[in-house]
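Based on the sequences and whatever the hints tell you, model everything.
Read top to bottom, the protein sequences are chains A, B and C.
So in my numbering, the last one in the first sequence is 1349, and the numbering has no gaps at all.
So in my numbering, the last one in the second sequence is 954, and the numbering has no gaps at all.
So in my numbering, the last one in the third sequence is 869, and the numbering has no gaps at all.
Simulated from the structure, these hints should not be mistaken for lab results.
Since the model is a prediction, treat every value here as computed from it, not as a measurement.
C-beta atoms are modelled at their ideal positions from N, C-alpha and C, and glycine is treated no differently.
Keep in mind that the hints are not guaranteed to be accurate.
What the hints assert, rightly or not - Going by beta-carbon spacing under 8 Å, a handful of chain C positions derived as facing chain B:
hint, residue
1, Ser698
2, Gly699
3, Arg748
4, Lys777
5, Lys782
6, Asp801
7, Asn834
8, Ser840
9, Phe841
10, Lys843
Unchecked claim - Pairs of lysine to any residue, SDA-like flavour, derived with a Cα cap of 25 Å:
hint, chain 1, residue 1, chain 2, residue 2
11, A, Lys969, C, Ile725
12, C, Lys782, C, Ala842
13, C, Lys659, A, Thr967
14, A, Lys969, C, Trp723
15, C, Lys777, B, Ser871
16, C, Lys843, B, Ser871
17, B, Lys867, C, Pro697
18, C, Lys815, A, His959
19, A, Lys895, C, Glu668
20, C, Lys815, A, Ser929
21, C, Lys682, A, Glu916
22, B, Lys881, C, Lys807
23, C, Lys815, A, Val922
24, C, Lys782, B, Arg853
25, C, Lys771, B, Tyr866
26, A, Lys1119, A, Glu1168
27, A, Lys895, C, Asp672
28, C, Lys772, B, Asn823
29, B, Lys888, C, Lys777
30, B, Lys809, B, Cys914
31, C, Lys682, A, Thr913
32, B, Lys888, C, Glu797
33, B, Lys888, C, Gly790
34, B, Lys801, C, Glu743
35, A, Lys860, A, Glu982
36, A, Lys905, C, Thr727
37, A, Lys1258, A, Asp1238
38, C, Lys682, C, Thr812
39, C, Lys782, B, Leu841
40, C, Lys862, A, Val922
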Amino acid sequence: MKKVGIGLCLSAMLFTSVAWAAEQPLKKETPPDLYEGTPDWYRAVYKDNVGLREGSGPFKDYFKPQMLDMYWQPNRHYEPMKNLDHSLFIEKERRDLCVTCHEEATPGVVRDWRSSGHKNPKSTPYLSARTAEIEKRTNRVLNEVHCFDCHADTKKNQIRMPTGEVCGECHRPQFDDFLREREVGRPNHIQSWEANTIVPWYAEAARRGYLYGQHGCDHCHSGAEKCDVCHTRHKFSAAEGRQPEACITCHMGPDHPDSESYGESKHGVIYHQEEEHFDFNRPLSEVRPGKDYRTPTCQYCHMYEKHGRFIHNPVMKGIWRMGTVPPKNLEYTSSLKDYPYGIKIISDKIDIYSEENVAKRSYWLEVCAKCHSDRFADTYLKSLDEFMFQAHTLADKAQKIVEDLIADGYLYPSAADRDPYPLSDGIEKQLSPAFLGEPIYNAFKTLKGKFPVVGPILGVYGMFLQQQDNPSNIENMYNRLWFWYKLQGYKGTAHAQPDVSWWWGQAPMMMEFTKIQSEAARLRREGRLEKAILTK
Amino acid sequence: MKICLSECQVMRKIIFFSFLFGFLGWCAISLKNISAQQQYTEIEVIDGGNVIGNVKYVGDLAAVGLDLYRDWELSDTSKTPSEKLIFSKINNGLKNATVSIKDITKGKKKRIPTIHPIIDQQNNIYIPHVIAILTGTTIDILHGDEGMHNIHTRSIKNQPFNLGTTYKQRISKKFDYPEIIKLSCDLHKYACAWIVVLDNPYFDVTDRNGYFEICDIPPGTYRFQVWHEELGNLEKEVTVHPKETTSIECVYPQN
Amino acid sequence: MKPKVLLDKIGLWSATTVASAALMLSVMPMTASAINVPTEVTEVGKDTYKKYCSPCHGEEGKGDGPLARSLLPKPRDFSRGAYKFRTTPSGSLPTDEDIYRTIFYGVPNSTMIPWDILTEEQRLSVIPVLKSFSEAFEVRKPDASVNVGLEIRPTERTIAEGKKIYEEKLECWKCHGVEGRGDGPSASEQEDDFGFPIKPFDFTTGKFKGGNSPTDVYLRFTTGLNGTPMPSFAKELSDEQRWYLTHYVLSLIKPEETQNK
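Written out as structure tokens, the structure is:
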């Protein structure tokens, strides 16, 4: 049964993507490249291996990576171990010795592999068929996918840490699907490392000796190059990747409580109650709703592409882009009207009613309609939109309060009297005006970071780096409001978890708003008093 | 050395030759070793003095932990007191300390006992617990219990051994190099014995009141060494006068 | 009919002869090649040791290489001259052949791989390096290899006799467990001479560390495993009894399900 399972698992991915690939004109086989289509400068700072000599991203010269990054960003940072030279084993291609030694050195790994489809790629008719497809495509015979096939760099005669590119040699359709995440831009998995390295506070933290404090960020954002984030090594099970638990290690917590909101929603509760009846060995495209799955999983909704097809990435259908990007469809009073300002690592404002998004909405409805009526699903999704409009309006109001306070000169301590914005000496050198936006670029150039930065996305630095009086309490209140509570409310509403929507979302948002109001009033009062005393 | 590798196990001819060579090598090395050892010349001691003394441990028994719960599933352990640290309640005399003269270069004749000293195993403990012998002495290790024991030593210079034995087995082993050797049984971990091999005949093991006696020492000043398994080493300089008995006291402080 | 049968027979026999001749030829050169163990530590030996042995066994042979900390069982500390797999009696140093054998065949159930990947010269050159780590090799010489004698064929009787020894006479089960899974009542408290906890061998795995042949297992009972609690039974058991025990222990093998796959 297990083998059938594994077979089915592998096939799931294959099936969907093969179906997709079939309609494409036959591509000339180029070696899989995770950075396909990116400009040269991008490759130079993300792909080219520098070991642990320097960091990655535009600020690479300002920090050295933490050592663990070599496992998390293998293309850029991996260095083979120096203690035991493995070159002899690779040179002589002694596959047997890998297992002989590691069966004892790391027995869990070997047992995992033994129970995987890699060890027995032809153990079931189904698996054999999938393997045959790979064999045909790659023009090789696969009776066993061995340690050696993925871990041996035969050109350099050293051990390599496999990235998606290695997996892509055989699992090309899945790899190409994953690569398509770039089409929709951040937030996505393949560019997740950018979120750490393009923002200036990361390099600034490193410069101040707090790099290992960023461990929590690095660990999740290492999903950019690797497949074992969802299909954990060394079993690489497709069935595992289809379970909601595959997502929740990263998708949880204050900024995106996906685990909590899905898990406690009716969808999630039914999943937990009837987990043993779910057939995760079926490819997503062959799942019969109500029979194989009684409720949807993360993957079932998010990896549904359109028209009955599934795609091997979960970002294609996203409309609200994790809730951080303000919609075009609102009138803003604060500087949110000029969004995006600052570093453009995230897309422009979203037009919820653009042609593309209306189409995406209909794809969502296709999924929902497996169980829900079209009208119910449409109404639910529209209520989500309304929630988001409300939440963004509230955030806009809050930002306006903070910005007015600053404009009137009541921020205390003032921007001139506190530590400058993180890495402000480096930002204008490393980033172009086009990337930053002309006004921000000029501000960095002339004021050297001694100016307040509020709101999405650069204003969130206070959650990642603490400096003398920077940011102040009121700025961080606003960060919590838009970055935590707004997003919690969003996830609660989107995943149909009422408590998360209200008590983690809307309610704390309002309370934070009140706090911002009173903090602003207090600062203004103190400022006025001070002025009055000084003028006397 | 020429050796032949057989696919399976032993190729006797080659082994024979290798042992011939091995033996020759052994001769060479043992000759070298004899010369390298600390010289001890045997002389006739006419006006030798004696040293008697008492080794004491001033301290609390609780200072050295006794793990009463160890091996709790084996019923006989609770009856068997640990022999690690035994001292007299009356005069604090420490049992089973080995007293020897460290730097003596000449003295009485080494007399290797023709009747082999015995270490017996009864009720899963070794009797005696500590034995001091002269290099070249053979010890007989007896097995007086009904159960199975293994006799396991961990020496480096003297060839170690680890032999499984049962009732009435007798093992004879010769010890050629000065070394302190722990003898234990892996099945009864709380029991062990110590074999202290010394290369001069001036030594004694203290009795249950901590007394020892070393006789016929050529007059002079010597460094006396006391060794105890739990308390370690203690050194004392003693001057021996001709035909006199010197009385000394060695005290392990409590720490 | 008859000539055809004859022809078949001739064909079969000739094929067998050719095959066995070929087999002989392929086996012969390997078994008969004489090897020279260098008596002195050579540069090749030092390099090979440093590159392939020291990561686990340590530069000084103390079993404390950089990789040692995560390994179980711990790599051998050579400083005591205690070698597990020998043909020599309990406590004796190993012969050069014994050391070479372990290097060549490795130790199953451990990270000591068969180092057949190295050249013969490299493997041999390491032997004097290993010996140089222990003063035991300066003061002692290996005893003569024990005489294995004629192997006894396993029968039901020998296995039953072995079982009696295992369960009653020697109480092997105290450490190795009644079913030979290495889980006897005294199993958890065992320590090797270096103070590391050591697991009694699980016979059911069938991957005997010193080799799987009856002779190998017999030798373990005869010579013991130096540096471990496993004693020699050369004194306690007669030659036959050790064969009985061998047969019984080999009968305990029950491979893990995954290995059947």
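These are the hints, each one checked on the structure:
1. Ser698: For Ser698/C, the interface hint holds, since the closest Cβ of chain B sits about 5 Å away, which is under 8 Å.
2. Gly699: holds (4 Å)
3. Arg748: holds (6 Å)
4. Lys777: Since chain B brings a Cβ to about 6 Å from Lys777/C, closer than 8 Å, the hint holds.
5. Lys782: With a minimum Cβ separation of about 6 Å from chain B (threshold 8 Å), the hint on Lys782/C holds.
6. Asp801: This interface hint holds because 5 Å falls under the 8 Å limit.
7. Asn834: holds (7 Å)
8. Ser840: holds (5 Å)
9. Phe841: At about 5 Å, which falls below the 8 Å cut-off, the nearest Cβ of chain B leaves the hint on Phe841/C intact, so it holds.
10. Lys843: This interface hint holds because 5 Å falls under the 8 Å limit.
11. Lys969/A <-> Ile725/C: holds (19 Å)
12. Lys782/C <-> Ala842/C: Given pair Lys782/C, Ala842/C holds - Cα atoms ~19 Å apart, limit 25 Å.
13. Lys659/C <-> Thr967/A: holds (20 Å)
14. Lys969/A <-> Trp723/C: holds (22 Å)
15. Lys777/C <-> Ser871/B: holds (22 Å)
16. Lys843/C <-> Ser871/B: holds (11 Å)
17. Lys867/B <-> Pro697/C: holds (21 Å)
18. Lys815/C <-> His959/A: holds (22 Å)
19. Lys895/A <-> Glu668/C: The given pair, whose Cα atoms are some 18 Å apart, holds under the 25 Å limit.
20. Lys815/C <-> Ser929/A: Answer holds: Lys815/C to Ser929/A is near 23 Å, not above 25 Å.
21. Lys682/C <-> Glu916/A: holds (15 Å)
22. Lys881/B <-> Lys807/C: The given pair, whose Cα atoms are some 22 Å apart, holds under the 25 Å limit.
23. Lys815/C <-> Val922/A: Judged against 25 Å, a Cα distance of about 19 Å means the pair holds.
24. Lys782/C <-> Arg853/B: It holds: about 22 Å lies between the C-alpha atoms, which stays within 25 Å.
25. Lys771/C <-> Tyr866/B: Holds - the C-alpha atoms of Tyr866/B and Lys771/C are around 19 Å apart, at most 25 Å.
26. Lys1119/A <-> Glu1168/A: With a Cα-Cα distance of about 15 Å, the restraint between Lys1119/A and Glu1168/A holds, given a limit of 25 Å.
27. Lys895/A <-> Asp672/C: holds (16 Å)
28. Lys772/C <-> Asn823/B: Cα-Cα ~23 Å, so holds.
29. Lys888/B <-> Lys777/C: Distance ~20 Å between Lys888/B and Lys777/C Cα, so the pair holds.
30. Lys809/B <-> Cys914/B: holds (13 Å)
31. Lys682/C <-> Thr913/A: holds (16 Å)
32. Lys888/B <-> Glu797/C: holds (8 Å)
33. Lys888/B <-> Gly790/C: Status holds; Cα separation ~18 Å.
34. Lys801/B <-> Glu743/C: Holds, at roughly 22 Å.
35. Lys860/A <-> Glu982/A: holds (18 Å)
36. Lys905/A <-> Thr727/C: holds (12 Å)
37. Lys1258/A <-> Asp1238/A: OK: Lys1258/A and Asp1238/A at ~9 Å, within 25 Å.
38. Lys682/C <-> Thr812/C: Measuring from Cα to Cα gives roughly 22 Å; hence the hint holds.
39. Lys782/C <-> Leu841/B: holds (22 Å)
40. Lys862/C <-> Val922/A: holds (23 Å)
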